[in-house]
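J.: Protein chains in written order, with my numbering: chain A, 5 to 166; chain B, 5 to 166.
Hints in this document: simulated from the structure, not taken from any laboratory.
Virtual Cβ for every residue (Gly too), placed ideally from N, Cα, C.
You can take every hint at face value.
Just so you have them, the derived chain B footprint on chain A, three or more residues with Cβ under 8 angstroms: (1) 51-63; (2) 77-85; (3) 93-101.
There are 2 protein chains.
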Amino acid sequence: MQFGESLHVPVTHRAAGVVVLNGAGDILLVRERGLPGQMGKAGLWHIPSGTVENGENPQDTATREAWEEAGVRVRLNTFLGALLGRFPDGVLVLRHAWLAEPLEGSVFRPVLGHEVSEVRFVSEVEFGTLYATGKIRMYHTKLFYEEALRVRAAMRRQEAGA
Amino acid sequence: MQFGESLHVPVTHRAAGVVVLNGAGDILLVRERGLPGQMGKAGLWHIPSGTVENGENPQDTATREAWEEAGVRVRLNTFLGALLGRFPDGVLVLRHAWLAEPLEGSVFRPVLGHEVSEVRFVSEVEFGTLYATGKIRMYHTKLFYEEALRVRAAMRRQEAGA
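Chain A extracted, bound-state conformation (with noise of 0.2 angstroms):
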C-alpha cells in the first residue's frame, strides 16, 4: 500500500536554531526583551533561534537567526534533531536545531536588540537552576542542550580514538 497524502500531518509552524558550545561545554543562549503581544517570554532565556519564513530552509533560519539574536557567524555542523510540541492553544510547532561552531565575524551581541537583551555562555550547572526555575523558555532547549553534549562527547572520543 502507498503511504498516501491522508497519511501526512501538516505541521504549519516551524522553527530553527543552533546550539553553540564553549570549550567548557557551556551553552550561548539569549534572553529575549519580548515584544509586544508575546510578553510571556519576556527575561526568559533560549538558545539563538525562531522561525522559519516561508520558503526558508530551516538551516537558513538557524543561521541566521544566529547573527540576529546572538550576533554569532555560524557554521553549522551536526544536524542535533527535529523536536515535536504544541503551543498552550494546541497548534503543533516543529523546532530544528544544529550544534553550531562560530566563525571569524563573530560579535557575540545582539544584532536586532529590539528583541534580545542579553547573549551569555551559561553552564550546565546553571542551566539546570535556570530551568528549575522557569527561566529557560522552552524544555526543547533542555532537550537540544543534552544532544549537543552527547554529540560532542562522542565527537571527542572518536578524536582521541583516531
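Dock chain B against the given chain A, drawing on the hints supplied.
T.: Below, chain B without anything else, positioned relative to chain A:
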C-alpha cells in the same frame, strides 16, 4: 511562561534518507523486496532511507542507508526537511531527508540485497506516473523530491549570479 514538558509531543519512530539527483534532475530510487511482515511494501519505490536506530543521529542513518540500500557513498548537503506522518495504525513518524552528493566508491546497487531488488534513477515524468499509480511508497518521497528540485534550482541561480 515556560513551554515545558507537557507541551512536548514525543515521536518514537523516526526515519532518515537521502535524495540523490543526477545532472538531469532524475532521482535515485530503490525498489523494495518487502521483508517478511512487511509485504505491503514489496515492489514499491522509495528513496534510500530507513529507521533511525536508538542513539543514532538521523544524519548517520541517512548515510548508512544510502550505502546499504543503494550502494552510494554520500556527502550530505542541504537538509530538505523533517516531515510528520502517521502509520496506518495512527503511530506518529518523523521522516528526515538530505540532498546528498554521491562520492567515489559508489556502486549504485544494493549492498543489502535481501531488502532491495533494484536501484536506478527515475525522471521527474516517470516519478509522476509511478506516484499516480501507487508505485511510490510514500507521499513524503514526493515532497522531498519537490524540495530537492527547488533547492537545486536556487543553488544554480546563486552560482549563475556569483
